[in-house]
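Protein chains in written order, with my numbering: chain A, 1 to 138; chain B, 1 to 138; chain C, 1 to 138; chain D, 1 to 138; chain E, 1 to 138; chain F, 1 to 138.
Check before you lean on any hint, since a few could be wrong.
[Claimed, not checked] Cross-link-like lysine-lysine pairs, in silico, BS3-like; alpha carbons within 30 angstroms at most:
{"no.": "1", "chain 1": "B", "residue 1": "Lys-5", "chain 2": "B", "residue 2": "Lys-30"}
{"no.": "2", "chain 1": "E", "residue 1": "Lys-97", "chain 2": "D", "residue 2": "Lys-56"}
{"no.": "3", "chain 1": "A", "residue 1": "Lys-97", "chain 2": "A", "residue 2": "Lys-30"}
{"no.": "4", "chain 1": "D", "residue 1": "Lys-56", "chain 2": "D", "residue 2": "Lys-30"}
{"no.": "5", "chain 1": "C", "residue 1": "Lys-5", "chain 2": "C", "residue 2": "Lys-30"}
{"no.": "6", "chain 1": "C", "residue 1": "Lys-97", "chain 2": "C", "residue 2": "Lys-30"}
{"no.": "7", "chain 1": "E", "residue 1": "Lys-5", "chain 2": "C", "residue 2": "Lys-30"}
{"no.": "8", "chain 1": "F", "residue 1": "Lys-5", "chain 2": "D", "residue 2": "Lys-56"}
{"no.": "9", "chain 1": "E", "residue 1": "Lys-30", "chain 2": "E", "residue 2": "Lys-56"}
{"no.": "10", "chain 1": "C", "residue 1": "Lys-30", "chain 2": "C", "residue 2": "Lys-56"}
{"no.": "11", "chain 1": "F", "residue 1": "Lys-30", "chain 2": "E", "residue 2": "Lys-56"}
{"no.": "12", "chain 1": "D", "residue 1": "Lys-30", "chain 2": "B", "residue 2": "Lys-5"}
{"no.": "13", "chain 1": "A", "residue 1": "Lys-56", "chain 2": "F", "residue 2": "Lys-5"}
{"no.": "14", "chain 1": "C", "residue 1": "Lys-97", "chain 2": "D", "residue 2": "Lys-30"}
{"no.": "15", "chain 1": "C", "residue 1": "Lys-97", "chain 2": "D", "residue 2": "Lys-97"}
{"no.": "16", "chain 1": "E", "residue 1": "Lys-97", "chain 2": "F", "residue 2": "Lys-5"}
{"no.": "17", "chain 1": "A", "residue 1": "Lys-5", "chain 2": "F", "residue 2": "Lys-5"}
{"no.": "18", "chain 1": "D", "residue 1": "Lys-30", "chain 2": "B", "residue 2": "Lys-56"}
{"no.": "19", "chain 1": "B", "residue 1": "Lys-5", "chain 2": "C", "residue 2": "Lys-56"}
{"no.": "20", "chain 1": "D", "residue 1": "Lys-5", "chain 2": "F", "residue 2": "Lys-97"}
{"no.": "21", "chain 1": "E", "residue 1": "Lys-5", "chain 2": "E", "residue 2": "Lys-56"}
{"no.": "22", "chain 1": "F", "residue 1": "Lys-97", "chain 2": "B", "residue 2": "Lys-97"}
{"no.": "23", "chain 1": "C", "residue 1": "Lys-56", "chain 2": "D", "residue 2": "Lys-56"}
{"no.": "24", "chain 1": "B", "residue 1": "Lys-5", "chain 2": "B", "residue 2": "Lys-56"}
{"no.": "25", "chain 1": "A", "residue 1": "Lys-30", "chain 2": "C", "residue 2": "Lys-56"}
{"no.": "26", "chain 1": "C", "residue 1": "Lys-97", "chain 2": "B", "residue 2": "Lys-56"}
{"no.": "27", "chain 1": "A", "residue 1": "Lys-5", "chain 2": "E", "residue 2": "Lys-30"}
{"no.": "28", "chain 1": "F", "residue 1": "Lys-5", "chain 2": "B", "residue 2": "Lys-30"}
{"no.": "29", "chain 1": "C", "residue 1": "Lys-56", "chain 2": "A", "residue 2": "Lys-97"}
{"no.": "30", "chain 1": "B", "residue 1": "Lys-5", "chain 2": "C", "residue 2": "Lys-97"}
{"no.": "31", "chain 1": "A", "residue 1": "Lys-97", "chain 2": "B", "residue 2": "Lys-30"}
{"no.": "32", "chain 1": "E", "residue 1": "Lys-97", "chain 2": "C", "residue 2": "Lys-97"}
{"no.": "33", "chain 1": "E", "residue 1": "Lys-5", "chain 2": "D", "residue 2": "Lys-56"}
{"no.": "34", "chain 1": "F", "residue 1": "Lys-97", "chain 2": "A", "residue 2": "Lys-56"}
{"no.": "35", "chain 1": "E", "residue 1": "Lys-56", "chain 2": "D", "residue 2": "Lys-5"}
{"no.": "36", "chain 1": "E", "residue 1": "Lys-97", "chain 2": "F", "residue 2": "Lys-56"}
{"no.": "37", "chain 1": "B", "residue 1": "Lys-97", "chain 2": "A", "residue 2": "Lys-56"}
{"no.": "38", "chain 1": "B", "residue 1": "Lys-5", "chain 2": "A", "residue 2": "Lys-97"}
{"no.": "39", "chain 1": "E", "residue 1": "Lys-56", "chain 2": "A", "residue 2": "Lys-97"}
Derived from the structure by calculation, the hints contain no laboratory data.
6 protein chains.
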Amino acid sequence: MSTVKLWTDEEAAADPVVARVFADIRATRKSDFVNNLWRGLANHPQLLEATWARLKAVMAGDTVLGPAVQEMIYIAVSTANACSYCVHSHTAAARAKGMSDAQHAELMAIIGLAAMTNGLVTAMHIPPNQAFMVPEAL
Amino acid sequence: MSTVKLWTDEEAAADPVVARVFADIRATRKSDFVNNLWRGLANHPQLLEATWARLKAVMAGDTVLGPAVQEMIYIAVSTANACSYCVHSHTAAARAKGMSDAQHAELMAIIGLAAMTNGLVTAMHIPPNQAFMVPEAL
Amino acid sequence: MSTVKLWTDEEAAADPVVARVFADIRATRKSDFVNNLWRGLANHPQLLEATWARLKAVMAGDTVLGPAVQEMIYIAVSTANACSYCVHSHTAAARAKGMSDAQHAELMAIIGLAAMTNGLVTAMHIPPNQAFMVPEAL
Amino acid sequence: MSTVKLWTDEEAAADPVVARVFADIRATRKSDFVNNLWRGLANHPQLLEATWARLKAVMAGDTVLGPAVQEMIYIAVSTANACSYCVHSHTAAARAKGMSDAQHAELMAIIGLAAMTNGLVTAMHIPPNQAFMVPEAL
Amino acid sequence: MSTVKLWTDEEAAADPVVARVFADIRATRKSDFVNNLWRGLANHPQLLEATWARLKAVMAGDTVLGPAVQEMIYIAVSTANACSYCVHSHTAAARAKGMSDAQHAELMAIIGLAAMTNGLVTAMHIPPNQAFMVPEAL
Amino acid sequence: MSTVKLWTDEEAAADPVVARVFADIRATRKSDFVNNLWRGLANHPQLLEATWARLKAVMAGDTVLGPAVQEMIYIAVSTANACSYCVHSHTAAARAKGMSDAQHAELMAIIGLAAMTNGLVTAMHIPPNQAFMVPEAL
């Protein structure tokens, strides 16, 4: 169903870059599971390495928002970009990192509300108020 | 610049529904400031009332995420929908509700990362892993 | 395949809010059929109730556009937001409310044309003409 | 502000294809006004000609929806694609073709509602019901 | 799964417009294969004819970019619009027209990078530099 | 107009990370010009560094597509994401790297065509043909 081959563990083991990244994914997440995004990116080892490095730095490093909130923001962006794989994978991750049912309910409510007012604002082309501006940027 | 008239306070006072909603916005936010979204929606009083009721319930009611995180999720959705007014208004609101520079930095990092992997996943049409599925939904 | 459980009628009957909304959906539409959107929203009863209230007010209330045109506008938005469930459900609804094949053909033609000129305008960053502005808003 | 030059009438008169298209725009619309989209497309005469031909066929030909409804669907698509020029130009056109304030209010309500449920459906990844399917397509 | 019937060759043969377009698709591409987009558009013969005419003119005519680059640009747009059918069909077409694995890797890298910086720019609402403007357009 | 401060050269000089990145931008591009994206990202030095590193690797490194084609793909993505700053900056970059008027015309034609067929495919929910699938991925 994908436009690229999804690499098996055997295929990954035969490429030194892919093997190294898959090993780091497993070590970082303390899990043997390597999800399909990385198996697709394996077709382009440099892109795999750069994408994993960026995701690891942002989502597995120090965080002031906390892991569950990080994943909820990821879900919000993925929803607006209509990426169903991403919605699935980050909803699963958010739950694994502690998102409660009440937090999911509030996330859904904000996603729906924001999409609604985004549409209304764009359809009426509402101009920003001066009060929203950063003083230094005026 | 808008496709509808932005109502002044004088015009708002002359319509009972608009007057009531503007008064409730001011009372709820403990501020005299009524931003342009509501001044545009005033052209359609029923829509104004329904939109404000929904926003008030979600963003000014009980919250398990907290006001600043709510606004950051709003920014994430508004960015992906390319709504510049919304990005401006909710960034100002997030700061007013306590978003720190470090939180803004992390929000930007997640928005950029999510947009990147959304694009990669869609371009390669990666299928969801079974492991992402809700057990009850299988 | 969803990220939330889709509630059965038995599960819905056990929650007073969900039961009340499902009953109102059936009474309003004069049909026993409750589509999956509501079965997913049932996980968050308050969001279910608010979403149904809004949809009922707009799509099942007084209308100056007429039911079929309402649904065609819904299809147009859903297409641009790449929501396949929504395209499916509102195309079915539009047909049920009288959309003819000729109307569907014209809807498709406008959706394609608008997407094309949207792209051209954005790629060339065409500035709005003064003549498009609302006199009161200048 | 655009990424291409906006052609003046003098420049347009000097290119036979552009001159012919501008003349046809004026004749078709019974107005001397040529809006900026066409002045930008004039940089690429073949694209200008093809785009105008398509727009003329869809928006200035026979219609089962009627001119105002056509423009309202155009606004709906343009909003979801965040094309502000397009929202401006087609809102002006819809008003010129008879869209009432009540119709605009209903259009706004549907755009906001559809954006909201599009977001909810995508965030929960609701699967289409079999009942939505076209019998011949199953 | 589609919202319209996908026409078989037998059905296409019975409509003179559809039959003519299908024959031209086959002659232009030197292949008996007619993909599903055209089988869906067959429900609206005039739209089928206009869409094929436009696609043929752009993608099967003279080109300064070359066939593979054309298809890669098509993939880039289709990805950002979250059109999975389009991503599939144009990735297959790009490969058939000579896109190498190295070119696909670079395309993926640019798609991911552009989506990331698009998000950052919109979230921070960065204003364009004067230096980007076309001199004639200032 | 931005939601963050745009750093001046003086401010940049006072932060070691920002100073280093700005110097590398100037050295890589052999120009004193530092565009606004980097001046906004300077508020978050780590994000600035990571974003520049990624952009430099993709857009200023080895390329099989060539610099002008890279920029045209960037324009295509930025257009579909409705990022006007990005459309401006990458159109300027594409011209600086040799994009001809004829190439720009073809780019515009593909962007418009792709947006049109993306819309038609999504509105009719056309299923992918088996023939588009990667053999190894079936």
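- Task: Find the hints from earlier in the document that the structure breaks and name them by number, from lowest to highest.
- Result: The structure breaks hints 2, 8, 11, 14, 16, 17, 18, 22, 23, 25, 26, 29, 30, 31, 32, 34, 38 and 39; every other hint is satisfied.
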